[in-house]
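Q: Going down the list, the protein sequences come from chains A and B.
Quick note, our numbering runs 7 ahead of the 1-based positions in the first sequence.
Quick note, our numbering runs 7 ahead of the 1-based positions in the second sequence.
Honestly, the hints are just simulated from the structure, not real lab data.
Any given hint could turn out to be false.
The list treats identical chains as interchangeable, and a pair is accepted whether it falls inside one copy or across any two copies.
Said to hold, decoys possible - The calculated DSS-like cross-link candidates involving lysine-lysine, where the alpha carbons are at most 27 Å apart (straight line), are:
| hint | residue 1 | residue 2 |
| --- | --- | --- |
| 1 | K105 | K208 |
| 2 | K638 | K725 |
| 3 | K93 | K448 |
The model shown is predicted, which means the values in this text are computed figures rather than measured ones.
There are 2 protein chains.
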Amino acid sequence: MAKSGTKPVGKSAAKSVKYVYMFGTRKTEGNAAMRNLLGGKGANLAEMASLGLPVPAGFTITTELCTHYYENKKSYPAGLAEQVDKAMREVERTMGAKFGNPSNPLLVSVRSGARVSMPGMMETVLNLGLNDEIVAGLIAKSSNERFCYDVYRRFVQMYGDVVMGLRPEGKEIDPFEQLIEAKKHARGVELDSELTAGDLKELVAEFKAEIQKRLGVPFPECPNEQLWGAIGAVFSSWNGARAIRYRELESIPHDWGTAVNVQSMVYGNMGDDCATGVAFTRNPSTGERKLYGEYLINAQGEDVVAGIRTPQPVTDLVQSLPAAYKEFVAVCALLEKHYKDMQDMEFTIQNKRLWMLQTRNGKRTMAAAVKIAVDMVKEKLITKQEALKRIKPGDLDQLLHPTFKYAGDEQVIGKGLPASPGAATGRAVFNAEEAEAEAAKGERVILVRQETSPEDIGGMHAAQGILTARGGMTSHAAVVARGMGKCCVAGCGELQIDYHQDLFTAQGQVVRRGDWISIDGSRGVVMLGQVPTEEARFSKEFATLMQWADETRKLNVRTNADTPHDAEVARAFGAEGIGLCRTEHMFFEGDRIVAVREMILADDEAGRRRALGKLKPMQRDDFEGIFRAMKGLPVTIRLLDPPLHEFVPHEPAQQEEMAREMNVPVEQIRQKVDALHEFNPMLGHRGCRLGITFPEIYEMQVEAIFEAAIKSAKARIKAIPEIMIPLVGTVRELADLKAMIHRVAADLTKGSRAKLEYKVGTMIEVPRAALIAEQIAGEAEFFSFGTNDLTQMTFGFSRDDAGKFLPDYVAKGILPCDPFQSLDQDGVGQLVRMGTENGRKARKDLKVGICGEHGGDPDSVMFCHQVGLNYVSCSPYRVPIARLAAAQAALSVSVKIRSDA
Amino acid sequence: MAKSGTKPVGKSAAKSVKYVYMFGTRKTEGNAAMRNLLGGKGANLAEMASLGLPVPAGFTITTELCTHYYENKKSYPAGLAEQVDKAMREVERTMGAKFGNPSNPLLVSVRSGARVSMPGMMETVLNLGLNDEIVAGLIAKSSNERFCYDVYRRFVQMYGDVVMGLRPEGKEIDPFEQLIEAKKHARGVELDSELTAGDLKELVAEFKAEIQKRLGVPFPECPNEQLWGAIGAVFSSWNGARAIRYRELESIPHDWGTAVNVQSMVYGNMGDDCATGVAFTRNPSTGERKLYGEYLINAQGEDVVAGIRTPQPVTDLVQSLPAAYKEFVAVCALLEKHYKDMQDMEFTIQNKRLWMLQTRNGKRTMAAAVKIAVDMVKEKLITKQEALKRIKPGDLDQLLHPTFKYAGDEQVIGKGLPASPGAATGRAVFNAEEAEAEAAKGERVILVRQETSPEDIGGMHAAQGILTARGGMTSHAAVVARGMGKCCVAGCGELQIDYHQDLFTAQGQVVRRGDWISIDGSRGVVMLGQVPTEEARFSKEFATLMQWADETRKLNVRTNADTPHDAEVARAFGAEGIGLCRTEHMFFEGDRIVAVREMILADDEAGRRRALGKLKPMQRDDFEGIFRAMKGLPVTIRLLDPPLHEFVPHEPAQQEEMAREMNVPVEQIRQKVDALHEFNPMLGHRGCRLGITFPEIYEMQVEAIFEAAIKSAKARIKAIPEIMIPLVGTVRELADLKAMIHRVAADLTKGSRAKLEYKVGTMIEVPRAALIAEQIAGEAEFFSFGTNDLTQMTFGFSRDDAGKFLPDYVAKGILPCDPFQSLDQDGVGQLVRMGTENGRKARKDLKVGICGEHGGDPDSVMFCHQVGLNYVSCSPYRVPIARLAAAQAALSVSVKIRSDA
């Protein structure tokens with residue numbers, strides 16, 4: 008989603024401004040390209056109408072009007088009413104009915120429609136245009152009294168809620184639902200459908216009375232008043248709390264605004280020759296090229312999405328309504344060919360006649376997105392380049408994470424729909440607030456709900472996965488979870504959820520709040536406990552896409568890996584070398600930490616050398632393992648970076664344990680820990696500063712690297728170590744340490760035929776290093792921008808402390824995003840650019856990369872490409888993301904620079 | 008002293024290279040301009056000889072030879088021996104005597120002579136060219152047997168020590184001195200001068216025997232062997248431990264090397280018509296235009312400097328040797344006119360004949376330097392510009408610091424020579440090592456010694472002042488202390504020092520190690536205890552010089568001052584405004600800290616506002632006081648900068664006290680302190696980040712500033728506040744806070760006739776701010792580079808922690824100097840330059856200054872001038888230094904950029 012703060016093409020509200028666009032009438036005025044002005048729904052309705060598809064006639068009020076509305080104290084410009092009136096006359100003409108005319112009434116829907124879909128976030132009013140007089144006319148015309156009162160009942164209920172604001176208070180049940188329940192109770196029936204026309208007619212009156220009683224105002228009987236009430240409600244819902252929260256989560260600008268679509272009603276609930284449904288042209292979960300969706304006979308559209316009745320697969324429609332189905336299949340084919348993308352459609356069949364209510368590019372899982380993109384290239388619908396551009400690199404993440412490793416003894420307690428693939432394990436929680444609260448504490452949770460609603464968005468985001476007892480593949484939970492790339496099992500009917508006691512039972516098992524469960528969103532399975540996971544396996548389409556990306560990109564992609572295992576994972580993900588191997592992680596394992604602490608406690612160089620002597624064979628083995636894993640690919644090894652106090656315990660109990668282990672007085676340890684204390688460790692005695700003051704540490708590491716390389720060579724494994732000096736800020740630091748490295752290499756190969764192939768380079772992570780890059784490149788064979796630290800120092804932000812103000816900064820728009828997640832191009836990026844350009848002045852063939860976490864962030868990868876880096880290096884799981892982002896960067900002609908100016 | 012690593016103009020040792028230059032012979036080959044090649048002494052001897060002054064003939068072996076010597080394993084190039092031989096023949100011809108010829112012997116001195124004076128750091132051998140046979144010839148020629156044996160005895164003793172290395176071991180007394188003492192004891196006499204010619208002859212033999220016994224080698228009898236031994240000893244002494252340490256302290260490059268001067272001996276100790284002395288053409292302590300110096304009748308030059316006999320004022324020579332004195336006075340006048348500077352000379356009168364042995368620009372106190380420079384302009388010897396360039400700005404420091412504020416009841420325990428002016432208070436210590444050790448702990452000490460020697464240099468540097476019991480105004484202690492600008496009282500004969508017990512007694516008082524004493528180097532007084540000090544008063548010459556500086560400089564000079572008192576001091580020192588007024592210092596005083604803590608403890612904005620309300624009147628008073636002190640001059644006020652945890656106690660006991668005072672549970676305080684804890688406070692929640700998250704704090708400060716300005720205006724005091732936002736890293740931070748400031752200003756002046764004149768600007772102290780200066784200047788009316796923090800972040804050095812490696816970095820030459828003392832021009836300076844240039848692109852009239860401590864560092868001031876800043880701001884005491892440095896910068900045509908490349 009775009010992040011810019013682009014303003015709508017707002018004009019002043021002169022009378023001449025056109026705010027209303029027709030569709031499905033004699034002349035359709037919009038098209039798909041007018042999404043910014045007409046919203047997604049409006050633009051696509053217009054586009055469908057232009058294609059000659061059966062679209063109920065209607066008109067769109069533009070997003071510009073929404074902007075005007077908010078900029079002018081929620082008022083409308085002069086002339087709007089006339090434009091709306093005129094449009095309504097045109098719709099009446101097309102549909103052969105009249106809005107507000109009892110003898111031949113036209114009913115309309117009023118819906119929101121923003122530039123991008125915000126499912127369920129804004130308001131809709133259906134069946135608008137009814138009152139007691141008009142319903143009588145409708146009955147006369149349709150000869151279906153029960154249907155007409157059902158429509159009327161639904162309208163009053165929805166309008167009362169959405170426009171007039173009659174909503175349950177506290178834990179109260181919806182007041183309209185209470186009246187319905189009371190009516191059913193009085194009639195001794197169980198289902199809504201068992202209520203008679205008379206019952207419904209009574210309900211309408213009761214609803215209106217309830218509105219008058221609770222709100223102190225009458226239900227508006229005038230259709231035109233109803234229309235403007237609904238339009239206002241849609242505009243207001245743009246700034247509802249839910250919608251604002253959604254936009255924040257999805258980075259949608261608040262000033263885009265929504266359009267309003269006013270459209271003739273068609274009915275899927277006029278009888279058994281009617282139906283309503285939603286469908287995708289391909290499977291949005293797997294990408295399979297097969298019509299996919301659901302419908303309900305004799306129902307309104309909302310019934311399908313709400314998940315109250317369990318719908319049938321759309322393909323079954325061939326039995327129920329074969330002619331309409333045949334037409335629908337043809338429409339699907341046409342739309343997909345037209346839009347060159349998988350479509351998500353809403354349709355209604357009214358008395359066997361097909362009406363298309365909506366089409367849009369369908370949301371899909373990442374696996375589906377990849378398959379669809381690759382398949383469409385094979386189908387010659389799109390080009391390879393288009394396929395590559397179509398996948399959002401960051402979302403690939405969903406494909407790369409582990410899946411469950413089934414042993415066969417899992418305790419399955421339920422089966423639902425595989426609504427959004429993935430493997431999630433967490434503690435069960437039963438409401439969204441709790442999910443957010445627990446996640447904030449670092450807990451992994453699964454959100455368990457009867458069904459989800461837009462209010463649950465925050466909790467769904469925070470949860471590892473979502474499990475619902477009701478609802479289908481297109482239910483709220485399923486749609487939203489797929490969009491988030493979040494694992495979801497929906498409609499697991501076996502679940503008996505007791506919100507009151509915070510537990511659910513399934514197959515005789517009780518799962519309480521806090522109990523561990525695991526859900527498999529690819530298989531729809533719910534299991535007790537924490538099921539172990541294994542690495543993802545990739546589809547052949549994924550491999551194809553990655554191959555196209557590799558053919559396209561200019562940047563190399565390396566990985567940050569400290570162990571042979573990580574190195575292997577990354578290699579499998581396509582890493583072309585290691586860009587950052589942090590040696591200090593090796594210091595913590597097993598009994599190494601003992602030797603490290605012995606080194607730290609030593610009073611003199613001799614003592615330190617003794618302790619380092621114990622470490623060296625272990626470090627050598629580490630490097631050998633990594634060289635083996637990366638066979639023949641370059642491995643950039645960073646010498647010790649963190650300050651020494653990170654290796655000693657700071658708690659008294661642990662210090663005493665260390666004293667016992669090392670057989671020294673605890674006082675000695677305390678003194679050493681105190682001596683090592685730093686006020687600002689980030690800016691302290693670390694990196695090459697340690698290498699300068701304690702040369703023996705780096706010497707040991709360099710010996711271990713070269714000895715491992717020599718041993719590897721003997722085993723016919725080519726090792727290409729690139730030794731990287733951290734935290735260099737002056738050219739002399741690098742020069743002195745480089746001299747040491749060359750000396751160690753010479754000493755190790757003296758008198759032998761062994762020849763060491765290696766490079767010496769430096770991290771550029773101190774601002775000064777970037778500033779004097781030309782000097783430093785005189786000594787360095789490569790640069791690797793350590794953008795984590797470079798960001799800390801350039802902003803003066805301590806990553807450990809910035810939590811106190813950084814979220815506030817992003818929320819207030821002082822920063823466009825967290826600069827530790829996406830590279831700050833104006834500031835830090837300027838140093839990267841300057842460092843690269845100036846470094847290459849001194850050394851034309853200087854190899855330049857980036858190894859901060861930004862190496863796996865698509866926007867940052869784009870920037871690295873533009874600046875002309877040789878490679879990015881990122882964590883193993885982000886390697887495919889970087890490969891795709893690099894390909895997109897190479898394809899992008901326009902230069903995209905984000906600015907916070 | 009220059010800091011560059013310039014290499015000597017070294018050439019390869021081809022035979023044709025000229026290594027030996029004559030002076031005082033028929034043709035003098037050098038001159039004063041050849042200081043780099045011939046050393047200071049050699050160049051000046053040549054210059055004096057060229058002027059026709061009586062200089063004993065001799066020759067100089069160049070510094071290039073010293074370089075060759077060290078580059079070639081301490082060997083000499085081919086051809087050198089021939090050049091030396093030839094030169095010696097020429098000297099013999101001039102002096103009418105022959106080196107090594109018993110019938111008419113020529114004796115020579117062999118002395119070091121580096122480019123810059125390194126007093127006492129290297130070796131000297133006098134009276135060289137004697138053996139038993141030659142001394143007999145000398146006696147025959149001089150008819151003064153005792154003198155000849157005295158010379159011979161001195162030669163063997165000095166050669167044995169300096170060249171052959173016979174030195175006392177451990178606590179042993181010098182072996183030669185032991186033999187002399189034994190001889191005096193045997194003869195029953197007390198003074199050396201009471202020993203007879205026979206006694207001295209015996210001593211010579213005993214000295215030689217001691218050398219043979221202790222070193223196992225005979226004393227060399229061959230004069231030529233003696234000569235080469237002495238030359239080698241001088242070259243070797245260049246790399247002696249003392250000399251290396253001295254060069255490190257004085258920043259003299261180790262590769263400059265020393266020259267060797269071989270010169271005919273003349274004698275001030277041949278009888279009562281002989282004398283030797285040292286003199287300055289003006290008073291080096293006050294600058295008074297009056298011959299100043301000391302001499303001894305019948306003595307060798309070393310006797311004067313060593314301080315063993317107390318010499319007479321040089322002006323007394325008019326009585327003892329009137330003709331020679333008259334000639335000397337003429338020579339002095341000639342030399343001063345020639346060199347256009349005050350001269351420091353050594354002379355000897357041998358049998359009434361004057362010989363000039365050395366002249367050089369004399370070291371002087373800063374007061375003297377200023378007076379001499381200004382006087383010489385009035386005497387038309389030099390121009391104003393030359394006078395300005397002649398004063399080292401940093402040394403002005405000596406003049407600016409307080410002097411004792413005498414009440415009349417000081418307990419004076421001794422009176423000595425006012426050897427180097429100033430007022431020093433510290434604890435007595437009795438050796439140099441201890442002085443260094445105590446100073447390293449932060450103690451202020453006075454080094455008390457019988458007399459000082461070159462071994463004491465480190466301790467003298469570390470001490471606040473130096474007190475000696477023996478020695479005159481030109482003793483080692485006096486000369487070195489004046490050079491260092493260190494307070495010194497010398498030759499305080501009343502002191503009875505007992506090194507063994509670490510104490511001294513004087514006037515019946517016992518002062519033990521660690522007792523406080525105060526010494527007044529301007530009056531030569533020693534006092535018990537800590538005498539209070541008062542501000543320095545300035546001479547009229549100082550005022551004149553400063554006036555010339557002000558006429559010359561382009562940079563404005565402001566001050567960093569937080570109180571009305573500091574502001575007044577700075578204004579007296581010539582500050583043209585306040586460049587940095589830190590408001591947080593005001594938060595600590597008296598009961599303000601209580602209100603500050605109340606604000607920090609408050610749970611919500613309302614609580615914070617209540618506490619801030621108490622602070623506001625106090626802040627307003629502060630600002631009023633400062634506006635009054637700076638009447639009409641601009642005052643840059645920085646809003647709160649440090650993180651809030653600096654205002655709360657971290658020790659449990661203090662937390663409990665705070666809890667009692669504020670009447671809250673201590674647990675609440677602990678929790679708040681924990682919540683405020685930061686891992687890297689330097690990079691934490693501080694500066695404008697506080698202003699963004701707690702807007703009420705900055706609002707209070709801004710209200711206090713404007714209310715103070717309005718009140719000042721009513722009192723007819725013009726206040727020009729410049730409000731400065733600290734730690735800005737993004738343009739929005741500044742824009743948002745600027746909007747708040749304008750709003751506060753508008754609110755305060757609403758409905759009144761008051762009009763506020765103020766500016767809003769920002770510190771540039773985060774590297775990112777310098778990088779996006781063009782954006783920021785769109786909002787800022789001024790920039791002030793906070794180079795302290797900018798240096799921390801650009802290098803990634805925490806100033807609080809860098810002590811662990813920074814001294815090592817400077818010692819190893821990784822950095823040319825401490826970047827917190829002198830601005831790092833390559834790195835930090837690049838940001839300053841970039842920030843200034845880019846800022847002015849957006850705002851042509853952007854006012855740019857610097858307010859880090861570098862604002863008072865002369866090299867940094869030079870840089871600020873070159874970069875085109877508008878002003879520097881420094882601590883009050885450094886304002887005159889900055890004024891002079893700015894003048895020198897304006898005068899300097901050559902661009903001087905230091906680089907560590």
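Q: Run through the hints listed earlier and report the numbers of any the structure violates, in increasing order.
A: Going through the list in order, the structure violates hint 3 alone and respects the others.
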